[in-house]
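Engineer: Chains as they are written, first to last, in our numbering: chain C, 1 to 321; chain U, 1 to 321.
Keep in mind the hints are simulated off the structure, nothing from the lab.
Quick caveat: nothing in here was measured; it's all calculated off a predicted structure.
Treat the hints with care, since some could be wrong.
Subject to a maximum C-alpha distance of 30 Å in a straight line, what follows is the list of computed DSSO-like cross-link-like pairs (lysine-lysine) [stated by the list, open to error]:
(1) C:LYS154 / C:LYS296
(2) C:LYS55 / U:LYS112
(3) U:LYS112 / U:LYS296
(4) U:LYS55 / C:LYS296
(5) C:LYS112 / U:LYS55
(6) C:LYS55 / C:LYS154
(7) U:LYS296 / U:LYS154
(8) C:LYS55 / U:LYS296
Number of protein chains: 2
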Amino acid sequence: MAVYTEVSDEDVAAFVAEYDIGRVLALKGIAEGVENTNYLLVTEAGQFILTLYEKRVQAEDLPFFLSLMEHLSQGGLACPLPLHGRDGRALRELRGRPAAVVTFLRGLSPRKPHVGHCAGVGQVLAQLHRAGDGFTLSRTNDLSVAGWRDLLDKTADRADSVRPGLAEALSAEVEHLAREWPDTLSSGVIHADLFPDNVLFEGDRVSGVIDFYFACTDAFAYDLAICLNAWCFEADRQFNVTKARQLLRGYRQVRPLPAAEIAALPLLARGAALRFLLTRLYDWLYTPPDAFVRRKDPLEYWDKLRFHRAVASSGEYGLDP
Amino acid sequence: MAVYTEVSDEDVAAFVAEYDIGRVLALKGIAEGVENTNYLLVTEAGQFILTLYEKRVQAEDLPFFLSLMEHLSQGGLACPLPLHGRDGRALRELRGRPAAVVTFLRGLSPRKPHVGHCAGVGQVLAQLHRAGDGFTLSRTNDLSVAGWRDLLDKTADRADSVRPGLAEALSAEVEHLAREWPDTLSSGVIHADLFPDNVLFEGDRVSGVIDFYFACTDAFAYDLAICLNAWCFEADRQFNVTKARQLLRGYRQVRPLPAAEIAALPLLARGAALRFLLTRLYDWLYTPPDAFVRRKDPLEYWDKLRFHRAVASSGEYGLDP
Chain C
1 MAVYTEVSDE DVAAFVAEYD IGRVLALKGI AEGVENTNYL LVTEAGQFIL TLYEKRVQAE
61 DLPFFLSLME HLSQGGLACP LPLHGRDGRA LRELRGRPAA VVTFLRGLSP RKPHVGHCAG
121 VGQVLAQLHR AGDGFTLSRT NDLSVAGWRD LLDKTADRAD SVRPGLAEAL SAEVEHLARE
181 WPDTLSSGVI HADLFPDNVL FEGDRVSGVI DFYFACTDAF AYDLAICLNA WCFEADRQFN
241 VTKARQLLRG YRQVRPLPAA EIAALPLLAR GAALRFLLTR LYDWLYTPPD AFVRRKDPLE
301 YWDKLRFHRA VASSGEYGLD P
Chain U
1 MAVYTEVSDE DVAAFVAEYD IGRVLALKGI AEGVENTNYL LVTEAGQFIL TLYEKRVQAE
61 DLPFFLSLME HLSQGGLACP LPLHGRDGRA LRELRGRPAA VVTFLRGLSP RKPHVGHCAG
121 VGQVLAQLHR AGDGFTLSRT NDLSVAGWRD LLDKTADRAD SVRPGLAEAL SAEVEHLARE
181 WPDTLSSGVI HADLFPDNVL FEGDRVSGVI DFYFACTDAF AYDLAICLNA WCFEADRQFN
241 VTKARQLLRG YRQVRPLPAA EIAALPLLAR GAALRFLLTR LYDWLYTPPD AFVRRKDPLE
301 YWDKLRFHRA VASSGEYGLD P
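Bound-form chain C, shown alone (with noise of 0.2 Å):
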């Protein structure tokens, strides 16, 4: 939620005149996105998205989050498009960081979800699941299991000074999940970070999809199970199974789902529980006080993750028969 990088002026003119959108008419900070850069940038075309990738993103990685974003958009899914410059280029450098200049979306990110919002949410999930068929990049989730014993190793001397017995109760949860994880379901390209911040409404309506820099080539229904955590539980952190069978039900509507993977559903989402658990335990620990950047409870995830072991079958997900 910050402006990490100024740009002059002068810098976004000569920047803007790569594209073919006309004269910088304004230029607003936006404060959204703790990865990136954002701003709104508005020309004689129109409003776009001006975003300046900083250092959490790997520049390497961006070539695939941008080409993803434009096979989507070509795919139907309502997604930001990156623009191409006149040099053909979509990708470019401003003030010293890889800077890309995308389509505005319409819609508010809802800050309170409610039921209304989830039938749609697994529809989209569904619609991206299907639209990224013959993507032919890929990327490595460096937040599965290799990624998360990494986060435990850096988390191991400290977690206990977030919740006593807490590291030893990581290890043992990741050591099990490695051992159960499946490689066998159906994958792609999912989305990885699908929390309401990252999709727009138009009423109940959802209107776009937005920050694809988590996307990685990974098993569609792990990408259910981040939703499931992201979008069905309550603020005091209880289930809500109405919500949950909302979203699977408008998910099947767009994709059908395998046996297999609605076998696998407790486990993924235990797994997804756990990744946002380490990722937010390691910010915890390591964000310094003065950062601009505002510490979520890493113990909310544990909350969710005991939910999660306790399931006995995916039926408890309010999956329809």
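Position chain U relative to chain C; hints supplied.
Structural biologist: Okay, now just chain U, sitting in the frame of chain C:
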């Protein structure tokens, strides 16, 4: 530089329904304005700024600020125009905070102000002073002499931690300025914070003036003295007389400068430097390190103050004869 108050889509839809601007199409938090929460609001009628006033702005001052913008806008100044709801009110409430919707202005605030900007700044400042004519409300400048004494008291015991001897030097400075401060200069509505952040440009042409939340009733020449501090020093804190010449020339093209105002400029500029020195010092000492605000170095204004103290006559500001 933050969004202090999050609003839900339901909140904003209900709020916007009070105006005649169609449905909400998008809402983005803007990373500008350290005082208030600002959103870019896109509706079927176009782009607007939605502002939620946070606690640093006194609620009882809001009618002054909003009426002033309306008066100045009707007087031909390019500034935000507050919208009236169907009930006639410009000021209402959102999430428990006073809130208003104003028009969106095109243009970019210069990150690196250069000499080409300065004539336009002088002109628009004089236009603002003229457009304020006939405005019937008034507001005391609470950051003038009495306010300085108050800030001095609050910072005295810790000022020397910023620079040895600073507390005593500031005390002597306030006493000197209090004795010499003129009270017979031509007065009216002043902006009182016309820094580069608050002026929008299209190229070198001013397209708008924003952020009227320090506006008050005071000497016009004091506003000019603030601009000398805000626009005419380089990053290395050297005074740039070419910039000042352009600024003053631009101002005098629109509003003549009486001899008394010219003569008072060095003292007023010294007072203006002291005002920003004291508020920055206060923020420096009292901003918690985990606040989402970047503190600004108060000593920048110590150097500026010393420059103005050494000015023997207004000719040194590049004033044309």
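Engineer: Could you run down the list of hints and mark each one as holding or not?
Structural biologist: For each hint, the structure was consulted:
no., hint, in the structure
1, C:LYS154 / C:LYS296, "holds, 18 Å"
2, C:LYS55 / U:LYS112, "holds, 24 Å"
3, U:LYS112 / U:LYS296, "holds, 17 Å"
4, U:LYS55 / C:LYS296, "holds, 25 Å"
5, C:LYS112 / U:LYS55, "holds, 24 Å"
6, C:LYS55 / C:LYS154, "holds, 19 Å"
7, U:LYS296 / U:LYS154, "holds, 18 Å"
8, C:LYS55 / U:LYS296, "holds, 25 Å"
In this structure, none of the earlier numbered hints is contradicted; all agree with it.
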